[in-house]
Amino acid sequence: MPNPSTSGRYTAVAQAFHWVIALLVVTQFVLANWADGLPLGVHKLALLARHKSFGMTVLMLAILRLLWRLKHPPPELPPGMTHLERILARATHVVFYVLLFAMPMTGWLMSSAKNYSVSWFGWFTWPNLIGKNEAAFDLLRSTHHILGDALFVIATLHIVAALKHHFWTKDDVLLRMLPFVRIERAKSENRS
Amino acid sequence: MTRHRDASMALLAAAAVWAANAWAGAATGYSADPHQSRLEFVGVQAGAEFKGVFHKFNADIAFAPDALANSHFDVQIDLNSVDTMDKDRDTTIRGADIFDVAHFSTAHYVTRSITKTATGYTAVGALTLRGVTKDVPIDFQFTAAGSGARLEGSAKLKRLDFGAGQGDWKSTEWVADAVKISFVLALRPNN
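Respectively, the protein sequence lines represent chains L and Z.
The first sequence: position 59 = 59 (this note's numbering), numbered continuously.
The second sequence: position 24 = 24 (this note's numbering), numbered continuously.
For the record, the hints were derived by calculation from the structure and aren't laboratory data.
Using N, Cα and C, we set each Cβ at its ideal position, and we do this for glycine too.
Fair warning: there could be bad hints in the mix.
[Unchecked claim] Short derived list, chain Z residues pointing at chain L, Cβ under 8 Å:
#1 Asp-88
#2 Asp-90
#3 Ala-107
#4 Trp-174
#5 Asp-177
Turn these sequences into a full structure, and let the hints steer you where they fit.
Below, the structure written as structure tokens:
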């Protein structure tokens with residue numbers, strides 16, 4: 001079997017990181033928007049507790065994913081892409097990584113500032129990063145929301161670009177992140 | 001004649017109480033210095049502990065290590081003074097589903113007996129919260145300090161024993177039933 005990182009595909013581990021984090025991020029948006037519309041109460045508390053546990057999971061996975069990426073560089077972008085497309089693709093991925101850290105970190109900070117310590121599924125409690133501070137909480141909450149909007153925009157761009165590569169350019173950019181598509185992958189190799 | 005007998009019985013009873021007290025020894029009366037005393041609790045919300053304090057409470061303490069039979073605590077806690085370092089949480093705790101301060105603004109603790117233990121003392125007393133009275137034992141230590149004393153102790157209770165959690169808050173999935181209480185009282189002698 002060829003070395004995955006030079007065969008044009010992401011490694012199975014990189015794919016797993018990508019899809020698990022993607023699923024968690026979608027879940028985070030659903031939980032956050034659901035909780036946002038609720039009055040203070042047990043239901044809101046429960047949703048936000050899950051949101052925080054998932055968020056800290058994303059943070060841990062993002063760290064591991066970045067470490068994995070350092071040892072296993074992603075495959076090269078397809079040769080047909082223009083200079084601008086390459087810059088855009090790189091920039092999107094950099095911003096993605098920044099947000100995968102910034103979202104949980106601002107969330108953790110705002111919980112700390114609110115004096116609502118973050119538990120990880122009730123198994124252990126993360127230490128508060130800063131002391132109680134209502135002004136800091138307001139600022140961090142706005143930041144968390146703005147970054148969330150940015151993440152939504154970047155994710156949309158990312159998905160549109162992946163679909164554009166697959167259905168318009170017909171290259172293997174999407175396929176190389178998809179597990180179980182070796183045959184499809186072979187086809188695209190034959191074409192090039 | 002009957003009235004005289006009642007009066008003499010009352011006198012006798014008073015004399016008996018006095019004699020018992022004299023035999024047991026007198027306890028010193030203290031009150032807690034509000035600026036140097038703390039009454040705290042720790043709850044668990046969504047898996048994480050949170051701390052709260054009551055800023056206002058009155059503690060009438062009568063205590064002497066050699067007069068435990070005459071020692072007792074009488075503590076009134078202003079539930080409105082609850083402070084968990086978050087106004088949303090404080091408002092929720094004061095609300096109808098938890099403390100219901102609109103109807104029950106104070107909690108009251110009165111001891112029935114105090115006994116010596118290996119490490120300090122145990123008080124058995126009744127806590128009245130939200131109109132419900134239940135026994136809550138307190139473990140404490142008493143340290144004489146100058147003319148006053150330092151009283152440090154802790155207790156555990158279940159909030160639902162007192163109905164502190166109605167409606168959705170009855171669930172213990174997101175807010176634990178168990179609450180830890182701790183206090184440090186700087187006692188000043190009453191006279």
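For each hint, the structure was consulted:
no.	hint	verdict
1	Asp-88	6 Å, holds
2	Asp-90	11 Å, violated
3	Ala-107	23 Å, violated
4	Trp-174	5 Å, holds
5	Asp-177	14 Å, violated
Going down the numbered hints, you'll see the structure goes against 2, 3, 5, while the others check out.
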